[in-house]
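Student: One letter stands for each residue in the lines below.
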Amino acid sequence: MNQTHEQEQARLLTLAKLFDLRTFIGSLFCIFGVAVTFAGLTASDADIDQASGLNVSLYSGLAMLVTGIGFIVWMLVQPPVLPAEDTKMDRPDTS
Amino acid sequence: MNLAVADLQLEMSAVDIFLLSVYFVFVIGIGFALKRAVKSSSDFFLSGRSLPAWITGLAFISANLGAVEILGQSASAAEYGASVVHYFWIGAIPAMVFLGIVMMPFYYGSKVRSVPEYLRLRYDRKAHLANALTFTLASLLIAGVNLFALATVIEALLGIPLVLAIVLSASFVLSYILLGGLSSAIYNEVMQFFVILAGLIPLVVIAVKEVGGLTQLFATLGAENGPTFNSAWTGTEPGGANVFGDFFGIIVGLGFCLSFGYWTTNFAEVQRAMAAKSTNAARMTPIIGAYPKLFIPLITILPGMCALILIPGLGGTGDNSVDYNNAIPALMDQYLPAGALGVAVTGLVAAFMAGMAANVSSFNAVFTHDLWEEYVRPGRSDHYYLVVGRLATVAGVVIGIGTSFIAANFENIANYFQVLFTFFNVPLFVTFIIGMFWKRASPSSGFWGILVGTIAAVATYVLYLQDVIPFRSDLHESFWGGIIGFVFGAVTIVGVSLAGEAKPVEELRGLVHGMELRDMDEGKQPLYRRPVPMGAGALVLSAALYVIMSTL
Numbered sequence: 012m013n014q015t016h017e018q019e020q021a022r023l024l025t026l027a028k029l030f031d032l033r034t035f036i037g038s039l040f041c042i043f044g045v046a047v048t049f050a051g052l053t054a055s056d057a058d059i060d061q062a063s064g065l066n067v068s069l070y071s072g073l074a075m076l077v078t079g080i081g082f083i084v085w086m087l088v089q090p091p092v093l094p095a096e097d098t099k100m101d102r103p104d105t106s
Numbered sequence: 004m005n006l007a008v009a010d011l012q013l014e015m016s017a018v019d020i021f022l023l024s025v026y027f028v029f030v031i032g033i034g035f036a037l038k039r040a041v042k043s044s045s046d047f048f049l050s051g052r053s054l055p056a057w058i059t060g061l062a063f064i065s066a067n068l069g070a071v072e073i074l075g076q077s078a079s080a081a082e083y084g085a086s087v088v089h090y091f092w093i094g095a096i097p098a099m100v101f102l103g104i105v106m107m108p109f110y111y112g113s114k115v116r117s118v119p120e121y122l123r124l125r126y127d128r129k130a131h132l133a134n135a136l137t138f139t140l141a142s143l144l145i146a147g148v149n150l151f152a153l154a155t156v157i158e159a160l161l162g163i164p165l166v167l168a169i170v171l172s173a174s175f176v177l178s179y180i181l182l183g184g185l186s187s188a189i190y191n192e193v194m195q196f197f198v199i200l201a202g203l204i205p206l207v208v209i210a211v212k213e214v215g216g217l218t219q220l221f222a223t224l225g226a227e228n229g230p231t232f233n234s235a236w237t238g239t240e241p242g243g244a245n246v247f248g249d250f251f252g253i254i255v256g257l258g259f260c261l262s263f264g265y266w267t268t269n270f271a272e273v274q275r276a277m278a279a280k281s282t283n284a285a286r287m288t289p290i291i292g293a294y295p296k297l298f299i300p301l302i303t304i305l306p307g308m309c310a311l312i313l314i315p316g317l318g319g320t321g322d323n324s325v326d327y328n329n330a331i332p333a334l335m336d337q338y339l340p341a342g343a344l345g346v347a348v349t350g351l352v353a354a355f356m357a358g359m360a361a362n363v364s365s366f367n368a369v370f371t372h373d374l375w376e377e378y379v380r381p382g383r384s385d386h387y388y389l390v391v392g393r394l395a396t397v398a399g400v401v402i403g404i405g406t407s408f409i410a411a412n413f414e415n416i417a418n419y420f421q422v423l424f425t426f427f428n429v430p431l432f433v434t435f436i437i438g439m440f441w442k443r444a445s446p447s448s449g450f451w452g453i454l455v456g457t458i459a460a461v462a463t464y465v466l467y468l469q470d471v472i473p474f475r476s477d478l479h480e481s482f483w484g485g486i487i488g489f490v491f492g493a494v495t496i497v498g499v500s501l502a503g504e505a506k507p508v509e510e511l512r513g514l515v516h517g518m519e520l521r522d523m524d525e526g527k528q529p530l531y532r533r534p535v536p537m538g539a540g541a542l543v544l545s546a547a548l549y550v551i552m553s554t555l
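Line by line, the protein sequences are chains B and W.
Counted the way our numbering counts, the first sequence spans residues 12 to 106.
Counted the way our numbering counts, the second sequence spans residues 4 to 555.
A few of these clues could be false.
Straight-line C-alpha distance at most 27 Å; calculated DSS-like pairs for lysine-lysine [to be verified]:
#1 Lys129/W / Lys114/W
#2 Lys28/B / Lys38/W
#3 Lys129/W / Lys442/W
#4 Lys42/W / Lys28/B
#5 Lys114/W / Lys42/W
#6 Lys38/W / Lys129/W
Calculated from the structure, these hints are not laboratory results.
Please model the entire structure based on the sequences and the hints provided.
Tutor: Here it is in structure tokens:
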């Protein structure tokens, strides 16, 4: 009985992590980061000249990648808290 | 708002299209993921009051960072210069801090589900209906204007025909709100916020580098356009030349009347705070939002000012002229290579969708609770109102599509209506603030305050248009119109209240100062979760930014 309850809780926690906003933003920024970094690595000299001599896609791609990883790490370090069974209006601030 | 971007077709490469497509997949994915969580009307309209403050705080400013605002503010900066920062540092931050510290305990503690509902409990049904009706009408109109703007940009940037673009983008917004309700809208607003930063920060860095740095930018603009262009307070003395008018109008009219009217009574904003999980999180929502809001001018006003130097023909009238509203798209076209361009375009498209979603998600809540449940079909099951809310969402988007075509064909009419709704905000704020702090304010005084205040504000505007009252500009007029609306509204409420009966004290519980429900644990919270010190910090930073800018 307890065993299944714990399994259920673990399953719910996995779901909550998967659907946490930080997971969405983190994975979006990882995908964007990789794609934009790649565009920066393959940028032509004309591309770089156009952007005032900066390889802007490379830098912003790497920055997005770091941001994305940061969100995922944040989510893993501070996982979402499952809502209590009785949903009170003024839940204690736990996040 | 003229958004014609005719000759601005951007060359999107494969990677740019890829980024935009990934974003759309995420938007819909969020809707499906959150669908499981929508079990009651409270989940649909108020996210079950369960979100942490950082999410509601970012959504709070993001709901006001639609692309209409981004393009509009950069356009104003190119046209009027540095003074546009007033709309942020004095015209938003104090109001947001006030909302969090002073007003939120009434909104959240009284458990109302919408801003109009507070008016019904504190005053009477007349005041309630006046607010609920004007709010739903304004939401639909603004949703339509947002949709039209979005479709114009999609058409111009991606070459998709206008009608198809309108229907496509409306369907996206509709499906994710229908699936996940307010949570969906809020999640997308927060995600949009980070994408727009990722898209615009590189653009701003390049633009500032191109003009030779910040000091050089301000020196050049000052030399070419005069000292009122590169400084926020120059020429604000009575009789001065600053287009924003005199400092009294800026501080009292914009900084108090107009901004408090907008930020503290607009349900599209307040709804985000009501979705927070505790009184403390609700109070922290606008205050957390205030910190990024302080720096939004760096990605809107700054590129607008740079564009004036970098984009030939900006604001001109000749054949090769570029509309002010296209300052940022023109910079993107000129400077951003593949990859970075895709992020910026995605950010703009996302911002448009978020702007429209904010209107639709607050419209369906007010329509369902404040109009349908209150006046048409009271006392039905919760499930019934959830269904009504979903249907209202569909209807809202369909009407939004309709108003977007009106906006497309009768731009002036849409603009006039938007101006009309702004007259309403200030008297509404007076009604709230007096109702919250004066027990004596009588049930019927609210409606009369709103009515007389609005008429006074409209009258001021008409007298300005007829050249009876001279103002330096529409902006100058709007600040003083706000002050006049405030004074007339306040005098009316006091007069009507003194002549009538006050509301019985037992009906005021949770609604009036001294009887509101406070979070007793707030003093034990760590510093970064306490509204008063954090709010004070935002105000100090705001003043500091004025000082820093004056040294440029």
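Student: The structure should be examined with respect to each hint, and the outcome stated for every one.
Tutor: Hints, verified against the model:
1. Lys129/W / Lys114/W: With a Cα-Cα distance of about 21 Å, the restraint between Lys129/W and Lys114/W holds, given a limit of 27 Å.
2. Lys28/B / Lys38/W: holds (16 Å)
3. Lys129/W / Lys442/W: Holds. Lys129/W to Lys442/W sits at ~19 Å (cutoff 27 Å).
4. Lys42/W / Lys28/B: holds (20 Å)
5. Lys114/W / Lys42/W: Holds, at roughly 19 Å.
6. Lys38/W / Lys129/W: violated (36 Å)
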